[in-house]
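Engineer: This is what each chain is made of:
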Amino acid sequence: MRQDLTRILRWMPENSRVLDLGCGDGEFLELLRDQKNARVTGIEIDAQAISQAIRRGLSIVEQDLDAGLDNFADGSFDMVVMAHALQAVHFPDNVLEEMLRIGRECVVTFPNFGHWRSRLHLATRGRMPVSRFMPYTWYDTPNIHFCTVRDFETLCSHRGIQILHRDMIASETRSTVLARRWPNLFATTAIYHISRHISQ
Amino acid sequence: MESEASIGLVNSQTASFDEPLKLACGDTLNRYELIYETYGALNPGADNAILICHALSGSHHAAGYYQPDDKKPGWWDACIGPGKAIDTDQFFVVSLNNIGGCHGSTGPTSLREDRSQVWGPSFPQPAVEDWVDTQARLADRLGVACWAAVIGGSLGGMQALTWSIRYPDRLRHCVAIAAAMKLSAQNIAFNEVARRAIYSDPAYADGYYLGSGESPDKGLALARMVGHITYLSDDAMASKFGRELQNPDAVRGASSNSPREPAEFQVESYLRYQGSQFAKSFDANTYMLMTRVLDRYDFAADFGGDAIAAFKRAKAEFLIVSFSTDWRFSPARSREIVDALLAAERPVSYAEIAAKEGHDAFLLPIPRYVDLLKAYLRRVTV
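Which chain is which? The protein sequence lines are U and Z, in order.
Anchor point for the first sequence: position 99 equals 99 in this note's numbering, and the numbering is continuous, going up by one each time.
Anchor point for the second sequence: position 349 equals 349 in this note's numbering, and the numbering is continuous, going up by one each time.
No wet-lab data here; the hints were simulated from the structure.
A virtual CB, placed ideally from N, CA and C, is assigned to each residue, including glycine.
Be aware that one or more of the hints could be misleading.
[What the hints assert, rightly or not] Derived DEER-like restraints, expressed as beta-carbon distance ranges:
| hint | chain 1 | residue 1 | chain 2 | residue 2 | range |
| --- | --- | --- | --- | --- | --- |
| 1 | U | 130 | Z | 41 | 18 to 26 Å |
| 2 | U | 35 | Z | 67 | 28 to 36 Å |
| 3 | U | 35 | Z | 89 | 27 to 35 Å |
[What the hints assert, rightly or not] Far from chain Z, by Cβ distances over 10 Å, these chain U residues were calculated:
| hint | residue |
| --- | --- |
| 4 | 34 |
| 5 | 41 |
| 6 | 58 |
| 7 | 87 |
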């Protein structure tokens, strides 16, 4: 199980209705169903991943996130999760808005492009970073909208999105303290628990 | 007979029912027979039974062979058998011919209740709901209180959907493949052309052709040709026939417009063959009646057209499947079902299978499709 997924499990209420956008093979949804007694639905586009997730006994709907989510009603889920997919959609801001419309709360995780290794790679070699975490070359990557921790928080503040919690993952466990203290430099993956800010 | 995975030789059985059946059209059938086949064994808990619902021209013969030298197995042998997607080593699979059919269940070719003559065109018009009711009675007869799954493609998928709201406690899973909640104007238009083709054959004689020594084979063949075009995609036809000529060596002179003109392109020859083969084995009145069932089907009619309200009654889990090039019941029709199920907060899985074969794809062993069905049915295992 990817670290970001085990970390967000604690923000997941029991017996809730959860939608996972880009659920892959359904590993996380299975955990949610089995440990949190959640009623889960996954959205996925990869045929093989859909079959694997269905084999786990999950409810999976084949749908392209870039084609919109207007078939989901406002507030129809307690929680909408999107793990490591924000950077792969055509309009990340639209998808975020849609998530916040459909779910009362949302969790987003994404790779932090501001990590010092990415910066170093770009600064010293002058080329787009290719690493264990981002194994693609620029022309064949599905990750078309990389952002940094700071970029994401700026978007949230512009759009009035409330950050309920955040957590950071580092490349090694011993760097976690650094990642939490200076996430934009040391976090490999950023995790945000967000909601639509309601002004009072 | 070829593949080892086939269920092998099968027999059909007939169940007679004497309890009157009130039909949606208002008429009553006082008695009727259902012909059916079963594959695999019902377990002691009677909770491993799967009902297969057939489409427009289908029958109860869904899998296996009647004789070792049969040229073709049942219509869904690709998916039903030992170790196949619908695994007869695990499930007790039931497949029947619906009333109004012409393969052995009571229909236009059967004798009327007073045994005086055949029903012919006066056989009462059934509806999907009536079929589901008769299927429920067959389930009673077989000792199946609750189906593990009800599965169907096309018109069969409509029966599966109706099961989910008509008998919500009597199925655990509903699998509707290449289906729709109702027909479009275009769908009805094609059905109407098919019916007109049959009407315009003088041998049809308003449906009273049985016993006349003649049958409206030409009209029925034409109806099937029209239908067949809607089952295939443009791509499938292009790759199967292209513009290949039937007889490339023939001199292509000025064309005569005689109906006896030999087929020029291969696609013509194919359609003529399909049409005439179909006319030999199918009853024209049944074709009329089946297309009417399709035209009139409206899943949520009893709920003021509100599919979400209808699905709120359902208790089953759903699998909805569509095929990318199906233009008869396109992926958009399946997505309407999925969206209504999501809005009704019912558990639903959906896949759009990339396939070039059009509507016919639901009968074919397309790897992703078969694999998906198999993956889904794992959860149905008891």
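Engineer: Beyond 10 Å on every Cβ pair: is that true for residue 41/U relative to chain Z?
Structural biologist: violated (7 Å)
Engineer: If we take the beta carbon of residue 34/U, is the closest beta carbon in chain Z still more than 10 Å away?
Structural biologist: holds (14 Å)
Engineer: Taking the CB of residue 35/U and the CB of residue 89/Z, does the distance hold inside 27 to 35 Å?
Structural biologist: holds (33 Å)
Engineer: If I take the minimum Cβ distance from residue 87/U to any residue of chain Z, is it greater than 10 Å?
Structural biologist: For residue 87/U, whose nearest Cβ neighbour in chain Z is about 25 Å away, the distance exceeds 10 Å, so it holds.
Engineer: Given a hint of 18 to 26 Å, does the C-beta separation of residue 130/U and residue 41/Z actually sit inside it?
Structural biologist: violated (57 Å)
Engineer: Decide, holds or violated, for the assertion that all CB atoms of chain Z are farther than 10 Å from the CB of residue 58/U.
Structural biologist: Violated, because the least Cβ-Cβ distance between residue 58/U and chain Z comes to about 8 Å, which does not exceed 10 Å.
Engineer: Regarding residue 35/U and residue 67/Z, is the given constraint of 28 to 36 Å on their beta-carbon distance met?
Structural biologist: violated (55 Å)
Hint compliance for this structure: hints 1, 2, 5, 6 are not met, and every other hint is.
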